[in-house]
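K.L.:
Going line by line, the protein sequences match chains A and B. Quick note: the first sequence uses the numbering used here, first residue 28, plus one each step. Quick note: the second sequence uses the numbering used here, first residue 66, plus one each step.
You may find that some hints are simply not true.
20 Å max Cα-Cα, derived EDC-like pairs, lysine to aspartate or glutamate [as the list claims (entries may be wrong)]:
id, chain 1, residue 1, chain 2, residue 2
1, A, K151, A, D85
2, A, K151, A, E224
3, A, K63, B, D364
4, B, K292, B, D269
5, A, K135, A, D149
6, B, K182, A, D380
7, A, K121, A, D136
8, B, K182, A, D384
9, A, K63, A, D384
Label pairs and their in silico Cβ distance ranges [unchecked claim]:
id, chain 1, residue 1, chain 2, residue 2, range
10, A, I95, B, V159, 45 to 51 Å
11, B, L155, A, L76, 42 to 48 Å
12, B, P372, A, V370, 43 to 49 Å
13, A, A277, B, P301, 17 to 23 Å
14, B, I167, A, M138, 38 to 44 Å
From the derived model, a few chain A residues whose C-beta atoms are all more than 12 Å from chain B [claimed, not checked]:
id, residue
15, M66
16, F77
17, I79
18, F147
19, R170
20, V215
21, I225
22, R279
23, I311
For the record, the hints were derived by calculation from the structure and aren't laboratory data. Idealized CB from N, CA, C, for every residue including glycine.
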Amino acid sequence: MKPTIEITEEVEGAGDPWADGGQLSYRQLIWRRFRKNRMGVIAGALLLLFYILAIGADFFAPYHYNEINMRLRHVPPQRLHFSFSDGFYVHGLKSVRNSESLELEFTKDLMQRHPVEFFFKDAKGRRHLFSSAGPMFLLGTDRMGRDLLSRIMYGARVSMTLGLVGVLLSIVLGSILGTISGYWGGWVDNLIQRIIEILSAFPDIPLWMALGAALPPGWSSIQIYFGITIILSIIRWGGLARQVRGKVLAYRESDFVMAARAAGAGHWHIITKHLLPGCYSHIIVIATLAIPGMILGETALSFLGLGIRPPMTSWGVLLEEAQRVTVLLHYPWLIFPALPVLVVVIAFNFLGDALRDAADPYSD
Amino acid sequence: MAISIISFIIIQLPQGDYLDREIQRLEEEFGDSSSLAQVEELRERYGLNAPLWKRYLIWISGFVRGNFGESFEYKREVDELIWDRIAFTLIISVGSLIFTYIVAIPLGIYSATHQYKWSDHFLTFLSFVGMSIPAFLLALSLMVFAFEIFDVPLFGLFSAYYEGAPWTWGKLGDLFKHLWIPVIVVGINGTASLMRIMRGNLLDVLGQPFVQTARAKGLKEIVVVSKHAVRIAINPLISILGMSLPGILSGSAIVSIVLGLPTVGPILLNSLLNEDIYLAGTLIMMLSLLLVIGNLIADIALAWVDPRIRYE
Chain A
28 MKPTIEITEE VEGAGDPWAD GGQLSYRQLI WRRFRKNRMG VIAGALLLLF YILAIGADFF
88 APYHYNEINM RLRHVPPQRL HFSFSDGFYV HGLKSVRNSE SLELEFTKDL MQRHPVEFFF
148 KDAKGRRHLF SSAGPMFLLG TDRMGRDLLS RIMYGARVSM TLGLVGVLLS IVLGSILGTI
208 SGYWGGWVDN LIQRIIEILS AFPDIPLWMA LGAALPPGWS SIQIYFGITI ILSIIRWGGL
268 ARQVRGKVLA YRESDFVMAA RAAGAGHWHI ITKHLLPGCY SHIIVIATLA IPGMILGETA
328 LSFLGLGIRP PMTSWGVLLE EAQRVTVLLH YPWLIFPALP VLVVVIAFNF LGDALRDAAD
388 PYSD
Chain B
66 MAISIISFII IQLPQGDYLD REIQRLEEEF GDSSSLAQVE ELRERYGLNA PLWKRYLIWI
126 SGFVRGNFGE SFEYKREVDE LIWDRIAFTL IISVGSLIFT YIVAIPLGIY SATHQYKWSD
186 HFLTFLSFVG MSIPAFLLAL SLMVFAFEIF DVPLFGLFSA YYEGAPWTWG KLGDLFKHLW
246 IPVIVVGING TASLMRIMRG NLLDVLGQPF VQTARAKGLK EIVVVSKHAV RIAINPLISI
306 LGMSLPGILS GSAIVSIVLG LPTVGPILLN SLLNEDIYLA GTLIMMLSLL LVIGNLIADI
366 ALAWVDPRIR YE
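Sequences are here, hints too, so could you generate the full structure?
P.N.:
Spelled out as structure tokens, the structure:
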């Protein structure tokens, strides 16, 4: 079977009018074109950074996400100061009880300075990149006195991986069904296409809401996490399947597939070695552009209280606290988790756009 | 084409109910906490004891005749609860749709005719931000801004004075005063992506030979763009009309929940949380039906605008 494989690679290289005399592989060409897109590269680097922060949240976040401190509820963000004698430090907190609302209000205590220590070791022996012996809440705390910055970092784990896992699931579903649909055609194709049409005709948020509400209340956080992932990807595989089907249909009649068939290659071999490789770039682009939709979907669901459930935390769960205007007016810092959502979604959109331009052989 | 539409509608219908049955099944599993006899009685009354397919048949046959069953929570016919809300949902959705097209098409044309100028880059960036911002966040921040700066609470669709009052011209005016905010908030996402599509389409068309011919004939650039290019480039946007409907309905649902508007969204959330199956089922069915009708209108509009499709 080896000769046929070589033929496909040649066809791909030769089919690209912008190839440098066939010197570079398809992948190298994509990489080269991608690098020219400044926004795409910046977006990619930013996302990489976010993922590193999310995965290493135990180390990068100053506190554990569920470290509750009822005496320090709704502390406003503290400013980071710098002096040559103390290095970075934050001022201490003074609490005053508001005579009207009876809530504790915090102001800074200028006499106290809590220096920020790098590679700080907390009471349980865990290392943190930076933390402080005194209270240090750079983005303030929530209604249970938990550090918002740490919670955002931990929330990134759920919010950002959920998009990835969901997209992976819809890639698997979409490419399998898309390939079947395009390769065999006939009634199977018809059935799959009709299913996709039905799915795409539902308004997705109400459908997600219904499915999210249907998740059993007794499930553990991990089960809920995967449940939400499956819900999000169930509705989103259709578009991908369509694209794959179109590609497969186009390639099915091409010369190199004919040649492979004439040489006696089986269905499995033709699909995996000749048809799918031609779809990879498309799949990657569509997948990248699908991730932000999933992240937004999760955020919206959790925001409504139908998604991820505490104690697990995600950006949507954090934003749920900011749902009421009265709360936001008193504690405006609770809206901070919206910022990473925005940045990540914009970055994914830019990255996907750059990849699409790079993967399209007809662009210049 | 008519056949395709009809078959489309037919396959849409059972799917919507399947979902509701699913919700029913789950609801049954977890039941409610009232005493057993009461539960039994309720079950009997709502026909929950019948097997799945029978319940489904009863429900769907009622549905077709306009009998949607009874809401558990409100102890009233679903029928009475939903029509107002569907009407408001429609008003907001159609409003945002109009807003989307009115804003997106000129911006897309401008962006395409000024390709790679700074204004194009600016609009591109803006559209990326517009596509990325979740609608509920926009609604939330608008509410806070309105409260902080103008000191007006942006809650609901009517002022307190008109709430529950009979329909008068004054009430209608008050409605429009409140309406534009949800309409814009819901429309922003769609506007941004539509603008990108319009720009792409127009750029494709502008590169085609017939546009060059038109230019070679000595026509003014504005005539070339408006009479030749835009007419072709706008066609796909009409077929996208159908595709952008789910987004708008979704957006209106979630924005309504945040802004407390009397549309389908909040009541749907409520009914889902309380496992009020007939109400939830009817609402989801209605939303899907709205979509199907919207798709139908989009298809008809496309056939009306583009003769090539009619003869297929």
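K.L.:
Determine for every hint whether it applies to the structure shown.
P.N.:
Okay, the hints, checked on the actual structure:
Distance check on the hinted pair: K151(A) and D85(A) sit about 12 Å apart at the alpha-carbon level, within 20 Å; holds. The hinted pair formed by K151(A) and E224(A) fails the criterion: a straight-line CA distance of about 54 Å is larger than 20 Å. Taken as a hint, the K63(A) and D364(B) pair is broken in the structure, with Cα atoms around 40 Å apart against an allowance of 20 Å. Restraint check: the Cα-Cα separation between K292(B) and D269(B) comes to about 16 Å, which is no more than 20 Å; the hinted pair holds.
Between K135(A) and D149(A) the CA atoms are separated by roughly 23 Å; this puts the pair beyond 20 Å, and the hint is violated. A hinted pair counts as satisfied when its Cα atoms are at most 20 Å apart, and K182(B) with D380(A) qualifies at roughly 19 Å. A threshold of 20 Å between alpha carbons decides the hint, and for K121(A) with D136(A) the separation of about 5 Å falls inside it, so the pair holds. A C-alpha spacing of about 19 Å is found between K182(B) and D384(A), which places the hinted pair at or below 20 Å, so the restraint holds.
Proposed proximity of K63(A) and D384(A) is supported: the alpha carbons are some 10 Å apart, at most 20 Å. Distance hint check for I95(A) and V159(B): the Cβ-Cβ separation is about 47 Å, which falls inside the suggested range of 45 to 51 Å. For L155(B) paired with L76(A), a C-beta distance near 44 Å keeps the hint of 42 to 48 Å intact. At roughly 46 Å, the beta carbons of P372(B) and V370(A) sit within the given window of 43 to 49 Å.
A hinted range of 17 to 23 Å for the beta carbons of A277(A) and P301(B) is consistent with their spacing of about 20 Å. A hinted range of 38 to 44 Å is violated for the C-beta pair I167(B) and M138(A), which are about 59 Å apart. For M66(A), the non-interface assignment is contradicted: its Cβ lies about 9 Å from the closest Cβ of chain B, within the 12 Å cut-off. Every CB of chain B lies more than 12 Å from the CB of F77(A), the least distance being 14 Å, so the non-interface label holds.
No beta-carbon of chain B comes within 12 Å of the beta-carbon of I79(A); the shortest separation is about 22 Å. Against chain B, the non-interface label of F147(A) holds: every CB pair exceeds 12 Å, the least being about 33 Å. Here R170(A) stays apart from chain B, with its beta-carbon at least about 17 Å from theirs, past the 12 Å limit. Under the 12 Å C-beta cut-off, the non-interface status given to V215(A) relative to chain B holds; the minimum distance is some 16 Å.
Not every C-beta of chain B lies more than 12 Å from that of I225(A), the closest at about 5 Å, which undercuts listing it as non-interface. For R279(A), the shortest C-beta to C-beta distance to chain B comes to about 24 Å, beyond the 12 Å cut-off, and the non-interface label holds. Once the 12 Å rule is applied to beta carbons, I311(A) is consistent with being away from chain B; the minimum gap is 19 Å.
Consistency note: the structure conflicts with the earlier hints numbered 2, 3, 5, 14, 15, 21.
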